[in-house]
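K.L.:
The chain contents come next:
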Amino acid sequence: MLIDSGSPGAPATIGISLTINGEVRELQVAPWTTLLDLLREDLDLTGTKKGCDHGQCGACTVLVNGTRINSCLALAVMKDGAEIVTVEGLAKHAGQDGAMHPLQAAFVERDAFQCGYCTPGQLCSAAGMIAEGHATSREEIREAMSGNICRCGAYTNIVDAIEDVMHAGAAR
Amino acid sequence: MNRFDYVRPTTVEEAVKAIGSAANARFIAGGTNLVDLMKYNVERPERLVDITRLPLEGIEEHEGGLRIGALVTNSTLAYDERIQNRYPLLSSAILAGASGQLRNAATTGGNLNQRTRCYYFYDEATPCNKREPGSGCQAIGGVNRIHAIFGTSENCIATHPSDMCVALAALEAQVRVTGPGGERRIPFAEFHRLPGDTPQYDTTLKADEIVLSVDLPDEGFAGHHTYLKLRDRLSYAFALVSVAALVRLDGNTIGEARFALGGVAHKPWRNAEAEAFLTGKPATRESFEGAAEIVMREAKPQSENGFKIELARRAIIRGLTQAASGTPQSQSDKRIA
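Line by line, the protein sequences give chains A and B.
Positions 1167 to 1338 (this note's numbering) are the ones given, in order, by the first sequence.
Positions 24 to 360 (this note's numbering) are the ones given, in order, by the second sequence.
Hint data in this document are derived by calculation from the structure and do not stem from the laboratory.
We put the beta carbon where it would ideally sit given N, CA and C, even for glycine.
Hints may contain errors.
Which chain A residues stay away from chain B? Per the calculated CB distances, all over 10 Å, these [unchecked claim]:
{"hint": "1", "residue": "G1181"}
{"hint": "2", "residue": "H1220"}
{"hint": "3", "residue": "Q1280"}
{"hint": "4", "residue": "A1301"}
Covered stretches of chain B, as calculated for chain A (at least 3 residues, CB under 8 Å) [unchecked claim]:
{"hint": "5", "region": "115 to 124"}
{"hint": "6", "region": "277 to 291"}
{"hint": "7", "region": "346 to 359"}
If you only want the chain B side, here are some residues facing chain A, beta carbon under 10 Å, derived [unchecked claim]:
{"hint": "8", "residue": "G53"}
{"hint": "9", "residue": "T55"}
{"hint": "10", "residue": "K62"}
{"hint": "11", "residue": "Y63"}
{"hint": "12", "residue": "Q161"}
{"hint": "13", "residue": "P210"}
{"hint": "14", "residue": "L257"}
{"hint": "15", "residue": "N294"}
{"hint": "16", "residue": "A295"}
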């Protein structure tokens, strides 16, 4: 329904169920639809960005069952039953009623972006990384965030913002 | 991306049946390499068999070692306490590769079966014997700075890109697979192959077989190991040269040494003569230089990757030094230990 495969004899779309930013959605997807394209093109959740579309830039990072992944390399049909959190649902997911997620507030405070294109991916990646709990030092944060490219070069301030939130212990 | 049909079996038996029932079917789990290859039209499967619902997710004690299910993600494996304590080389090698997001999705079986990152393999506008057998190799004499210096053929000079597999080669893991012909265990050294006349085959896994687990032996060399990875940027880049080194010391004498190189061949590269040379020798720079010299004798540079010969020689010496002295390379502190 949402995607015309344009291919004679192509298989019918497949019904899946996803919980996206807390809302259960019953969806029909063609098997070749990536999670990124489903979010952006079909569900109008355009906060998640398409940068390289090859898993190299991290702009498409979302949380799937609490884990950060590149949504451009995930087929939506394979995530049937999963809970997805995008940048639009990050604050709500952290229980922030109407307010920004602590990472969003810290990014503003620390001026952790210029153009902002990579920011949704940086935020979701940072939230996932903090939940993973393996990075503590500045060096470890830099290493753990290396899957998110910022062509404006705001890295120093991004790490500052993440450190603020980590030290405040407020991130989820 | 081409159009394909999609099946999602829940048992290994169903999965094996599903892969055999279409001419050009592929298993998919993490998808981090396959989906990318499909976007480039390098892979055009008629059918995808989603194996993420198969019961292959555990890490279990097995014959004194550990049995790692094919669906265990790179992140789960790298941070597993048993792996960190008993096989720290494996944990380190995994964390040297890819990014946090990719490691969260990528699986153990998928890592073994990932394809080369040769530019020509990825570019369907160019000939490539691995992508299209018989079409030729433009990497030979072309842009080949990242390519192999060992075990190449006139048909292919691609490298295997994995870090994890370099560690598994040194650890001498086994790959447990199954298919219509039944279950078998493949020694790690025999899982990946050299290109020869058939570079389209990366491994000895048959088209209708599936990886069930990677089995680690009991000996993990936890005291003396390192994974040293040299690359163009300090994180999130493939190895130009990497070394997985393991040493067992009796005092200052080498009881056993193993080392595998990544980024230099179509498979993790070991040299039995060089390893045997080290047995009984003192753990000194001179010994390590001797071993490196034996390995590098077989190196054959391409037009743009001659630098790898000196880089690999020095990496072997440094890697063995790190392993012997018990100072493994950190994967977050980028200063070379």
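K.L.:
Each hint needs a verdict: does it hold in this structure or not?
P.N.:
Structure-based check of each hint:
no., hint, result
1, G1181, "12 Å, holds"
2, H1220, "5 Å, violated"
3, Q1280, "21 Å, holds"
4, A1301, "8 Å, violated"
5, 115 to 124, "holds (count 4)"
6, 277 to 291, "violated (count 0)"
7, 346 to 359, "holds (count 4)"
8, G53, "8 Å, holds"
9, T55, "5 Å, holds"
10, K62, "7 Å, holds"
11, Y63, "8 Å, holds"
12, Q161, "21 Å, violated"
13, P210, "31 Å, violated"
14, L257, "8 Å, holds"
15, N294, "31 Å, violated"
16, A295, "34 Å, violated"
Consistency note: the structure conflicts with the earlier hints numbered 2, 4, 6, 12, 13, 15, 16.
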